[in-house]
Amino acid sequence: MQFKSMVISNVEVSPAYFRMRMTAPPAIVEAIPGQFVMVRVRDAIDPLLRRPFGIFDLGTFPTEYTDCGRQTFCEILYKVVGKGTEMLSSLHHGDHLDILAPLGKGFAVGDPADEKILVGGGVGLAPLYYLAKELAKNSRVRLFAGGRNKEDILCITEFERLGVETYVSTDDGTLGASGLVTEVLEKHLAEDTGRKSLFACGPFPMLKAVAGIAGRHDLECQVSLEAYMACGVGACLGCVIKGKNHSDQTPDFRCVCKDGPVFFYQDLKWD
Amino acid sequence: MQFKSMVISNVEVSPAYFRMRMTAPPAIVEAIPGQFVMVRVRDAIDPLLRRPFGIFDLGTFPTEYTDCGRQTFCEILYKVVGKGTEMLSSLHHGDHLDILAPLGKGFAVGDPADEKILVGGGVGLAPLYYLAKELAKNSRVRLFAGGRNKEDILCITEFERLGVETYVSTDDGTLGASGLVTEVLEKHLAEDTGRKSLFACGPFPMLKAVAGIAGRHDLECQVSLEAYMACGVGACLGCVIKGKNHSDQTPDFRCVCKDGPVFFYQDLKWD
Amino acid sequence: MAKPDLSVEISGIKLRNPVMTASGTFGYGKEFSDYLDLEKIGAIITKGLSLRPKAGNPTPRIVETPGGMLNAIGLQNVGIDAFIGEKLPFLRTVDTPVIVNLYGNTLEEYGELAEKLDRLPEVAGLEVNISCPNVKQGGIVFGTDPNAAAEVVGLVRRSTSKPLIIKLSPNVTDVVRMADACVNAGADALSLINTLTGMAIDLQKRRPILANITGGLSGPAIKPVALRMVWQVSQAMAVPIIGIGGIMSATDALEFMLAGATAVQVGTANFLDPSAAQTIAAGIEDYLAKNGISDVKELIGALKI
Amino acid sequence: MAKPDLSVEISGIKLRNPVMTASGTFGYGKEFSDYLDLEKIGAIITKGLSLRPKAGNPTPRIVETPGGMLNAIGLQNVGIDAFIGEKLPFLRTVDTPVIVNLYGNTLEEYGELAEKLDRLPEVAGLEVNISCPNVKQGGIVFGTDPNAAAEVVGLVRRSTSKPLIIKLSPNVTDVVRMADACVNAGADALSLINTLTGMAIDLQKRRPILANITGGLSGPAIKPVALRMVWQVSQAMAVPIIGIGGIMSATDALEFMLAGATAVQVGTANFLDPSAAQTIAAGIEDYLAKNGISDVKELIGALKI
Ligand SMILES: Cc1cc2nc3c(=O)[nH]c(=O)nc-3n(C[C@H](O)[C@H](O)[C@H](O)COP(=O)(O)OP(=O)(O)OC[C@H]3O[C@@H](n4cnc5c(N)ncnc54)[C@H](O)[C@@H]3O)c2cc1C
Ligand SMILES: Cc1cc2nc3c(=O)[nH]c(=O)nc-3n(C[C@H](O)[C@H](O)[C@H](O)COP(=O)(O)OP(=O)(O)OC[C@H]3O[C@@H](n4cnc5c(N)ncnc54)[C@H](O)[C@@H]3O)c2cc1C
Ligand SMILES: Cc1cc2nc3c(=O)[nH]c(=O)nc-3n(C[C@H](O)[C@H](O)[C@H](O)COP(=O)(O)O)c2cc1C
Ligand SMILES: Cc1cc2nc3c(=O)[nH]c(=O)nc-3n(C[C@H](O)[C@H](O)[C@H](O)COP(=O)(O)O)c2cc1C
Ligand code: FES
Ligand code: FES
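Protein chains in written order, with our numbering: chain L, 1 to 271; chain S, 1 to 271; chain B, 1 to 305; chain H, 1 to 305.
Some clues are possibly wrong.
Derived DSS-like pairs (lysine-lysine); straight-line CA-CA distance at most 25 angstroms [what the hints assert, rightly or not]:
#, chain 1, residue 1, chain 2, residue 2
1, H, K205, B, K3
2, B, K205, L, K83
3, L, K187, L, K105
4, H, K54, H, K40
5, B, K290, L, K79
6, B, K14, B, K40
7, L, K258, B, K54
8, H, K205, S, K242
9, S, K244, S, K105
10, B, K54, B, K40
11, S, K244, H, K54
12, H, K3, S, K242
13, S, K83, B, K290
14, H, K54, S, K258
15, L, K150, L, K4
16, L, K258, L, K244
17, S, K79, B, K40
18, L, K105, L, K258
19, S, K105, H, K14
20, L, K150, L, K79
21, H, K14, S, K258
22, S, K269, H, K54
23, L, K269, L, K83
24, L, K269, B, K290
25, B, K205, H, K3
26, L, K105, B, K30
27, S, K79, S, K196
28, H, K205, B, K304
29, H, K54, B, K290
Source of the hints: derived by calculation from the structure; they are not laboratory data.
For clarity, every value in this text was computed on a predicted model and none was experimentally measured.
Just chain L, with the same shape it has in the complex (with noise of 0.2 angstroms):
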């Protein structure tokens, strides 16, 4: 759907990461964990495309402190990296944005007897929170958590209050674990062997390298992919990703947006 939206708040929770919460029409509340939104800045032509975030969260105020009724809202994590996330940074409760959402395909939730190995980098960790608040009404729920250094690393307080174990990282040693989020989660699956299913979302290198430890370890895992888009609803054919299948011969393309952004991994072709 798409909608005009409020700001409420937009706090900056890390230096250079914001969190935004927004109005949105009840029937957000359907969104799937994984699925996005597409974020108009500007009435105006600078920026001109549409930007696409991650859902962080989803929920209605309580009518006891409002007079609006049930209010519901959505909300978004985002890192600012150029015009647009710069943009959004400096708006204030009240300004006022366009809204398409939810986009995409999100997160098959699986069997909640499987214990939930979430895999966040960086900003990644954006759209991982709402699904573990799904996932952890019904399963165990752990979270891999990297980035750079110290300030990469959000809202892991969020995380812990749902009850995911969390498990920090970061390239520089200045927060958690020293390395790769990917080393960390490896040595943990070589103690604990038991069924388990990962979600990934994170920087391209980062999902490649969790492919093939799913792939070694034959494990279930769902990766959530970023690309340049312009229309988000599968339309323009800007956003696509190699699919299995591919050959230059037999192409094979999936859209990020519409086909996408979580795909199993043994979908897409990962050279």
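Following the hints, put chains S, B and H with the ligands in place on chain L, whose structure we already have.
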């Protein structure tokens, strides 16, 4: 000069008319009435070009009430007519602007013994307030303010506080006399034949009528013009207007931005 | 006042209003059906179709530029058979003319494709892309050489009796010459413009941003060029013109009509606002009503010089 | 690290840094002297000069468009005699190379003007505008036909021994062919691009906004087209190129250099920020220092494909 400025206040003084006060360096006090500023509304490419506005007022905060020393400021009075002014109107205290000021040639004060007749059409009133402030120090000043309807009549009390005698007229008679400001002016001049000089700012047809009146009554008369501008400093030749000697064979173009915006009416070609 | 008449006709294709969706920016219509009422727009122009499925270019395929975007999709498409099997059934359910945008890698492919499309009753007309700057095998040559263009147009003309629209490239010295060649070879109408060829560079990586190096520039940035070309062609000859390029609002659309366009296409705007085409059509109606204009056709070419 | 070397050379004109100001957007330098230090930029290119004073077009002459602007100044200028009498004296006091942009209404005028400029020691080089889209008597023909261009260039070449830069129009099918013709006829360097021809319309008045109907599109909107053309020409031949079109920042400038430009010109950006040229030059220095690049010349044509 070029300077960064902070919005101090931005108030709607009449429907679609805003008065904005912004910080300026101390040198701004050297600006001559009739000079203008070019405002970069946003540090983005939409809108692309700066927007020109007359200087409505200048001043310095009294040191007793601030901790920041003697903060100088300038003010503009503007009408929301399109994209740039729309965006300006949404700015708040604390927002930033980039300003070029003071630009162009202002009004020549002339002989203090002359009575000063100010003629403003709509938002053309803007530069006349700062002018009236200066003129009222040494001369008798009258203001003829016209508009299409009562919403277009701005800040009359402010002029009266300076001791200016005001004559209001509207096309539809919703405030003051009914009819064109130039008709009211003409009537006044028929009755009062003392030495006087004219200072006019408003839409081109009004200025043309004022120039005609000045010619018939043989009065000194300065008009402040508008034109689409790009550079504001006489370089792009976008804002030119025909000078008195202009013909296709002997081009005589003047830059509104640099040779004006204020001209003695005889220096221009009024066809 | 009675409701203004928004209908226009392009070489026999009757449109309820002049607002169509531009090829490649609106998929096959269905992708946008959650966001607007497909029966409130003038026509749907489908993604550039080829004889066989086509993979398109490697990624990145798109990048934002100041006031516009570059794309180098490389005409990825499902091919005519899948189009008939998978896309047409939905389009058949929508009561809005469907115009198929097509291209060939060779002269023969253009003809063969046009023949196949000619047999489909759901297809209201053909829009032939001779202007796509991304495919080296043909597009660029047909679109910038009047003789080559005339050859394609002539062949397609002989292969179909459906209304034939030729989509022109702006990357030419003299668009009127191209227009003239196409009309003489049998085009019923002209769409202009396609994208301007452009490039974007990543300073830090020292690489072109698009995998294809260059791409097609679309969006508001190109509107002045598009308006100029529509006006030039409309001044030079009497052929129905479909104006395209940076149309974001009803005002933009009406400017193209004043310049001589009978209808318009909305492209990049669909990405900013998936309901753009409907909003623009409604805005045109509003404008006519507010200004006491009873028929949008009064505005076609009504520019005063 | 030592201060990076920003100097470049265009056919013998030594520039302290690669940032020049584009003709027509910077007057005769003096207009901007309150806003920047004219001795901190690479070169000043003066407003298009003709043999006799020229009135230019009626107004409106400029209008903002999405991400850009149209201008139809019509080459209003003071003429060579007033240039020598009124403008050169100031420029003589500035220790920065002055390149004179010139145009003629006829072939002969180009030659005569070049001869006169050849005699002025203050003039470091000539930039010949064969691409202005606003003057019907000549500009447009010379700029879009390779033979006509070669003729002008050849004549000017014989009329001056100063460095000869030819400024190309983007309104052509094949910019490389134009570039080739100019270089073969004796051009030392090429400036590209001039403005794209465009148009803007006032819906309510049903009139073109510019009195001249069409005008030249400049600003960020055209940057992708400019980058593409610089890259195409730099791939095709070994001639110093000056990149122009929508440069607003040091990043933009460096992208043009990666694409093959030896230097750049800043045009429309001067209107947004009268100190733009100096800011961009300083930004280039910063970039080099931060990235450990000792010489800006390393970046020329360093794009990896
Ligand atoms: C499905 C999806 C979900 C996303 N979820 C989040 C999220 O929850 N939080 C978050 O902070 N970011 C998220 N992103 C990335 C986010 O969309 C980009 O960071 C944002 O669009 C950058 O906009 P900008 O204008 O600030 O940067 P720009 O100025 O456009 O570009 C700055 C740099 O950011 C990178 N970039 C730009 N656009 C994208 C893009 N679409 N995908 C990947 N990289 C890009 C490029 O490397 C570019 O050099 C998501 C992207 C996708 C596709
Ligand atoms: C020297 C000078 C002093 C001015 N002083 C004032 C002032 O004190 N207060 C005030 O409200 N306005 C003033 N103006 C006019 C003001 O600059 C324009 O109203 C403003 O630039 C419009 O910007 P916009 O983006 O809102 O409108 P746009 O969206 O750019 O255009 C909307 C409409 O406004 C008109 N317009 C746009 N730019 C100009 C312009 N430069 N000159 C005249 N008309 C224009 C056009 O008719 C256009 O159709 C002055 C103009 C000049 C040249
Ligand atoms: C992502 C994208 C894909 C496109 N694909 C096609 C295509 O397949 N065939 C075609 O003729 N034009 C194609 N175009 C060009 C558009 O139809 C249109 O001519 C151009 O984008 C200019 O219009 P706009 O500025 O409104 O986008 C495409 C444009 C974009 C942005
Ligand atoms: C107002 C204006 C006047 C111009 N006059 C000239 C001129 O006299 N001669 C010329 O060769 N180019 C002229 N140009 C073109 C610029 O030099 C430059 O090539 C073009 O604007 C593209 O650069 P930009 O996008 O940085 O502005 C003019 C451009 C503008 C905007
Ligand atoms: S963003 Fe358009 S198809 Fe995915
Ligand atoms: S605005 Fe550029 S010369 Fe006046």
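Exercise. B:K290 and L:K79: Cα distance at most 25 angstroms?
Worked result: 45 angstroms, violated
Exercise. Does H:K3 pair with S:K242 here, judged by a C-alpha cut-off of 25 angstroms?
Worked result: 50 angstroms, violated
Problem set entry | Pair hint outcome, B:K54 versus B:K40 [Cα-Cα no greater than 25 angstroms] | Roughly 31 angstroms between the alpha carbons, so the hint for B:K54 and B:K40 is violated.
For this session: Decide if the proposed pair is consistent with the structure: S:K244 and S:K105, CA atoms, cutoff 25 angstroms inclusive.
Result: Given that 25 angstroms is the threshold and the Cα spacing comes to 18 angstroms, the pair holds.
Problem set entry | Hinted pair H:K205 and B:K3, Cα distance within 25 angstroms | Roughly 23 angstroms between the alpha carbons, so the hint for H:K205 and B:K3 holds.
Problem set entry | Pair hint L:K258 and L:K244, alpha-carbon separation not exceeding 25 angstroms | Distance of about 17 angstroms is within 25 angstroms: holds.
Problem set entry | Straight-line alpha-carbon gap H:K14 to S:K258, limit 25 angstroms | 33 angstroms, violated
For this session: Decide if the proposed pair is consistent with the structure: H:K54 and B:K290, CA atoms, cutoff 25 angstroms inclusive.
Result: Given that 25 angstroms is the threshold and the Cα spacing comes to 44 angstroms, the pair is violated.
For this session: Measure nothing beyond the straight line between the CA atoms of L:K105 and B:K30; if it is 25 angstroms or shorter, mark the hint as holding.
Result: Within the cut-off at roughly 17 angstroms; holds.
For this session: Could you grab the alpha-carbon distance between L:K269 and B:K290 and see if it respects the 25 angstroms cut-off?
Result: 56 angstroms, violated
Exercise. L:K187 and L:K105: Cα distance at most 25 angstroms?
Worked result: 30 angstroms, violated
Problem set entry | 25 angstroms limit on alpha-carbon distance, applied to hinted pair L:K150 and L:K4 | Violated, at roughly 35 angstroms.
Hints 3, 4, 5, 10, 12, 15, 17, 19, 21, 23, 24, 27, 29, counting from the list given before, are not met by this structure.
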